[in-house]
Structures are given as structure tokens and as C-alpha cells.
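Residues per chain, in single letters:
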Amino acid sequence: MEDLNLTIPFLSAELTTEILSRLPVKSLLKFRSVSKSWLATIANREFIKMHLSLSANNNNKYKEEHDTHHMLILGINEDKWNFKECTLSSLFFDSVTEAFDLDSPIKDATESTYIVCSCNGLIFLVRSSKSSILWNPTIRKYSYFPGFRRRWEKTYARYGFGYDEIHNDYKVVGIFHAGSDSGGDSDDVEIQIYSLKSDVWTNVDGSYRKKRLNGSCLFTTWKLHWNTNTTTNDRIIVSFDLGNEKWETIEKPSYGEGEWDS
Amino acid sequence: MVKLKSNDDKEFEVEEAAVIQSEMIKNMIEDGCATSVIPLPNIDSKTLIKVIEYLNKHINMGKAAETGEEDDLKEFDEQFVNMGWEELFDVIMAANYLNIHELMELCCQSAADRLKNKSVRAVREMLKITNDLTEEEEQEIINDAPWAFEGPEIDDTVN
Chain Z
3 MEDLNLTIPF
13 LSAELTTEIL
23 SRLPVKSLLK
33 FRSVSKSWLA
43 TIANREFIKM
53 HLSLSANNNN
63 KYKEEHDTHH
73 MLILGINEDK
83 WNFKECTLSS
93 LFFDSVTEAF
103 DLDSPIKDAT
113 ESTYIVCSCN
123 GLIFLVRSSK
133 SSILWNPTIR
143 KYSYFPGFRR
153 RWEKTYARYG
163 FGYDEIHNDY
173 KVVGIFHAGS
183 DSGGDSDDVE
193 IQIYSLKSDV
203 WTNVDGSYRK
213 KRLNGSCLFT
223 TWKLHWNTNT
233 TTNDRIIVSF
243 DLGNEKWETI
253 EKPSYGEGEW
263 DS
Chain E
210 MVKLKSNDDK
220 EFEVEEAAVI
230 QSEMIKNMIE
240 DGCATSVIPL
250 PNIDSKTLIK
260 VIEYLNKHIN
270 MGKAAETGEE
280 DDLKEFDEQF
290 VNMGWEELFD
300 VIMAANYLNI
310 HELMELCCQS
320 AADRLKNKSV
330 RAVREMLKIT
340 NDLTEEEEQE
350 IINDAPWAFE
360 GPEIDDTVN
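If you read the protein sequences in the order shown, they are chains Z and E.
Numbering-wise (my numbering), the first sequence opens with residue 3 and increments by one.
Numbering-wise (my numbering), the second sequence opens with residue 210 and increments by one.
Among the hints, erroneous ones may be present.
Okay, derived cross-link-like pairs now, SDA-like style, lysine to any residue, Cα gap no bigger than 25 Å in a straight line [to be verified]:
| id | chain 1 | residue 1 | chain 2 | residue 2 |
| --- | --- | --- | --- | --- |
| 1 | E | 283 | Z | 58 |
| 2 | E | 325 | Z | 15 |
| 3 | Z | 38 | E | 341 |
| 4 | E | 337 | Z | 42 |
| 5 | E | 325 | Z | 59 |
| 6 | Z | 51 | E | 351 |
| 7 | E | 325 | Z | 72 |
| 8 | E | 283 | Z | 70 |
| 9 | Z | 213 | Z | 152 |
| 10 | E | 325 | Z | 92 |
| 11 | E | 337 | Z | 58 |
| 12 | Z | 199 | E | 342 |
| 13 | Z | 38 | E | 342 |
| 14 | Z | 143 | E | 214 |
| 15 | Z | 199 | E | 337 |
| 16 | Z | 38 | E | 346 |
| 17 | E | 214 | Z | 14 |
| 18 | E | 337 | Z | 41 |
| 19 | Z | 143 | E | 328 |
| 20 | E | 325 | Z | 27 |
| 21 | E | 325 | Z | 199 |
| 22 | E | 337 | Z | 46 |
| 23 | E | 283 | Z | 59 |
| 24 | E | 337 | Z | 15 |
Covered, in the sense of this in silico footprint (three residues per stretch, anywhere, with C-beta under 8 Å from a C-beta of chain Z), are these stretches of chain E [to be verified]:
| id | region |
| --- | --- |
| 25 | 310–319 |
| 26 | 351–357 |
Derived by calculation from the structure, the hints in this document are not laboratory data.
Idealized CB from N, CA, C, for every residue including glycine.
Construct all of the structure, not just a fragment, from the sequences and the given hints.
Set out below in C-alpha cells:
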């Protein structure tokens, strides 16, 4: 990997990278201070990608920690938001599941906050003050997204967050319907996409998306997925491909006469 | 049987079924380039003996699950990586050169596990790395994530 001139006297840069990529994040943060070359290796974008893919596809039989799926729990304690996490395997297999505290960027619970979506260990949070936060609990860092001027003051807003593999970029999609939260479908839709790489919001043609989306977003198979508003009796799931920016719909099964899903 | 020659001119005979765990040698055999002795200019005899020991033990890896020898293999692997840093790195380099995926995994993970909880000072000393960061640069890294430098697991011993 590049000409980093690693100083392990016994090992080439390539093999040092092989070993470092198998270390947990806490160790890597610590070992950035071993030497200049270790710092350069660990901060390298390609290395970070390699580390993520190794940890996510952790089927290494020599490694004991297999838990790559976690559940994030947002709770409230007096007037403070309380984030906890537990591993999915613990939920299934342990008699008692222990939840661990996460040091969150948001504490003040007087303002409503919701978890929009998570992807590759990154969590996207939106607050009622319209500020949105990208949080990486593993390295305990977060950053605020820059705001942008919305077309309407009052909107019904839905967000999505995911990874665009084609452009190697993380993206936020914001869908804003004119009017208050309680209104029905409206033609006045504004769709904005934020690219983490270029740090700008861009406007996308939203004329297609008149139906309101419901609930939180799910990122999987490189697409964002939302449920549609159930009161409209619209049995579809709407997906947005972050790579080619195309909308698609998936029909939900029929539940029978007069029955709705929620 | 396949003959391998280390860089200090020692020859070793290995069963073909064992040696083809090395992608590199497997390709050579398939291409008909392994008719006589295969010279391995990057590997000394001491390291090659270790590698062959691994290959022979893992010869029927696929069958291990059926015959209940998995635990036995696991125990062998644990014992196998119980070596000094220099020796471990020699095996990693050999496994990389010979392209033996499983051996590479085993040794790199073992190295990572040994380093994981070590203090920065201990890592430098164990791996004979000179610290070329300035005091300010080092402090900046610590300030960026002070929690990574704390915790009961942090081990300052050198071994």
C-alpha cells in the first residue's frame, strides 16, 4: 500500500496492513501514535474501507467476536436521551441481554430526536430543530450536517441515509412535502440529496413522489426503503437507489379485505 | 511427492495433497512446472519446516468436520502460533509468498490478537519501531480519542 516506508523492521508495508486491518477500532485509534507510518496507514481511506469490509464480513473462524449486528435503543431518562446498544446474537441466544450505554452526541431530551437510518456503523439522527447529525459511535465522533434553505417553512419531512457504492460516497436524502405534519398527499414535494464527499445539498426532481412516506428508513442492497402512508391504503414500499438516483416501488402482499398493515 | 528447496539449500519432500494448499505451488503443478525441485528463494529451512508442519496437519481440513477432528485442529493452530514475533513474521511472509490463505489468516489474526491490548510503548518495543512523531503530534492523537488510551485491558508488558 503506497510508499509508506513502514518501520517494522521485519515486515513489509503490505503485511503490516494485513495485521493492522484485523485490529479492533479502539486499538487502531491508539496505535496511530506508534509512528508516522502507522498513523499514515491507519488514516488511509483504502485501509478504512478494507477494515470495514473485514469487520462486516467477519466470518473469520480465528476471531472470537462474531457480533457485527447491533441493535440501537433510544430511550429517555428524566430529561436526557439515553442511547444503548446490544448485539443481535445476544438477543437470540443469551438468557439475559445486556445493553451497553453509548456516549451520544445528543443529550437534551426537550427536543424530539429520531434515528433515521444506519449504515456501516454510522447512525443518522434528525432533531425537530431541523438539524441533523451523523454519528459514528465506534470512534465516538459526530458531525452536524449543513442546513439548506427549504422551499417551504412548514413541511412534512422524511429522511434516508445510506452508502452509494458506485460513487464511494455516503448520502442523505430529504423528502419534504409542503404543509404541516397532519396534511394529506400534496403535489408540492421537494427532494434534496446531500453528498458527504462533496458536502453539498442538491435538488432532485421530485415530481414523481407525491405519496407521503411513512416511518423510518431502511438501507439495504444499496437502496433506501420506506413504507408508504397506510391511511391512503397504498400497498407499496418505495425504494430509492443511491447510485443511479432512481425511484422504484415494491408491492406489498394483500392482507385481505379491509385489513391494513401498520 | 513434491520437492521443495529452501534458500539455504535444504530439500523437503511433501505430499502433493498437502502442498497444493499453497495456491502458488498448486498453479505450478497444474502448469507442469513442478517436475523437479521447486526452489523457494524467499524462505529459509527453519520457516519452511514450520510451514510444512502446518500443511501436513491441515491436509484433510475439509474432512475434519466429519471426523470430529475440528477441536484437534483448533488446538494445533493455537500451539502453532505460539512463537516469537520474528518467527511469526517469517511464517506470515512465507504464507503470503506461497499464497496459503488459511495460514495467512491464522498468523495475521494471531499477531493482531497479541497486539490488540498492548500499550503504544509496548508495541514499539516489541516490534522494534522507532517513534518518529513529535511530542506535539503524539499528544494531538491522544487528545483526539483519549478513551482509546485508557481502560483496564491496556497491557504495558512486552512479550
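Here is what the structure says about each hint:
Taken as a hint, the residue 283 (chain E) and residue 58 (chain Z) pair is honoured in the structure, with Cα atoms around 24 Å apart against an allowance of 25 Å. For the hint linking residue 325 (chain E) to residue 15 (chain Z), the alpha-carbon distance of about 19 Å falls within 25 Å, and the restraint holds. Simply put, residue 38 (chain Z) and residue 341 (chain E) have alpha-carbon atoms about 6 Å apart, close enough for the 25 Å limit, and the pair holds. Between residue 337 (chain E) and residue 42 (chain Z) the alpha-carbon distance is near 18 Å, which keeps this suggested pair within the 25 Å criterion.
Straight-line distance between C-alpha atoms of residue 325 (chain E) and residue 59 (chain Z) comes to about 20 Å, which keeps the hinted pair within the 25 Å bound. A hinted pair counts as satisfied when its Cα atoms are at most 25 Å apart, and residue 51 (chain Z) with residue 351 (chain E) qualifies at roughly 23 Å. Pair hint residue 325 (chain E) plus residue 72 (chain Z) holds up; C-alpha atoms about 22 Å apart against a cutoff of 25 Å. Between the alpha carbons of residue 283 (chain E) and residue 70 (chain Z) the distance comes to roughly 23 Å, so the proposed pair stays at or under 25 Å and holds.
Between residue 213 (chain Z) and residue 152 (chain Z) the alpha-carbon distance is near 19 Å, which keeps this suggested pair within the 25 Å criterion. For the given pair, residue 325 (chain E) sits about 23 Å from residue 92 (chain Z) by alpha-carbon distance, which is consistent with the 25 Å threshold. Using a Cα cut-off of 25 Å, the hinted pair residue 337 (chain E) and residue 58 (chain Z) is violated, with the two alpha carbons roughly 32 Å apart. At most 25 Å may separate the alpha-carbon atoms for a hinted pair to count; residue 199 (chain Z) and residue 342 (chain E) exceed this at roughly 29 Å.
Under the criterion of a C-alpha separation no larger than 25 Å, the hint pairing residue 38 (chain Z) with residue 342 (chain E) is consistent with the structure, at around 6 Å. Taken as a hint, the residue 143 (chain Z) and residue 214 (chain E) pair is broken in the structure, with Cα atoms around 52 Å apart against an allowance of 25 Å. Among the hinted pairs, residue 199 (chain Z) with residue 337 (chain E) is inconsistent with the structure: their alpha-carbon atoms are about 38 Å apart, more than 25 Å. Pair hint residue 38 (chain Z) plus residue 346 (chain E) holds up; C-alpha atoms about 9 Å apart against a cutoff of 25 Å.
For the hint pairing residue 214 (chain E) with residue 14 (chain Z), the CA-to-CA distance comes to about 23 Å; that is within 25 Å, so the pair holds. A threshold of 25 Å between alpha carbons decides the hint, and for residue 337 (chain E) with residue 41 (chain Z) the separation of about 16 Å falls inside it, so the pair holds. Under the criterion of a C-alpha separation no larger than 25 Å, the hint pairing residue 143 (chain Z) with residue 328 (chain E) is consistent with the structure, at around 22 Å. A distance of roughly 10 Å separates the Cα atoms of residue 325 (chain E) and residue 27 (chain Z); the hinted pair therefore holds under the 25 Å criterion.
Using a Cα cut-off of 25 Å, the hinted pair residue 325 (chain E) and residue 199 (chain Z) is violated, with the two alpha carbons roughly 31 Å apart. A hinted pair counts as satisfied when its Cα atoms are at most 25 Å apart, and residue 337 (chain E) with residue 46 (chain Z) qualifies at roughly 23 Å. Annotation: proposed proximity of residue 283 (chain E) to residue 59 (chain Z) holds, straight-line Cα distance about 21 Å (limit 25 Å). In summary, the hint linking residue 337 (chain E) to residue 15 (chain Z) is supported, as the alpha carbons are separated by about 15 Å, within the 25 Å threshold.
With a threshold of 8 Å between beta carbons, the proposed coverage of the region 310–319 of chain E by chain Z holds, since 6 of its residues qualify and at least three are required. Three residues within the 8 Å Cβ limit are the bar, and the region 351–357 of chain E against chain Z gives 5, so the coverage statement holds.
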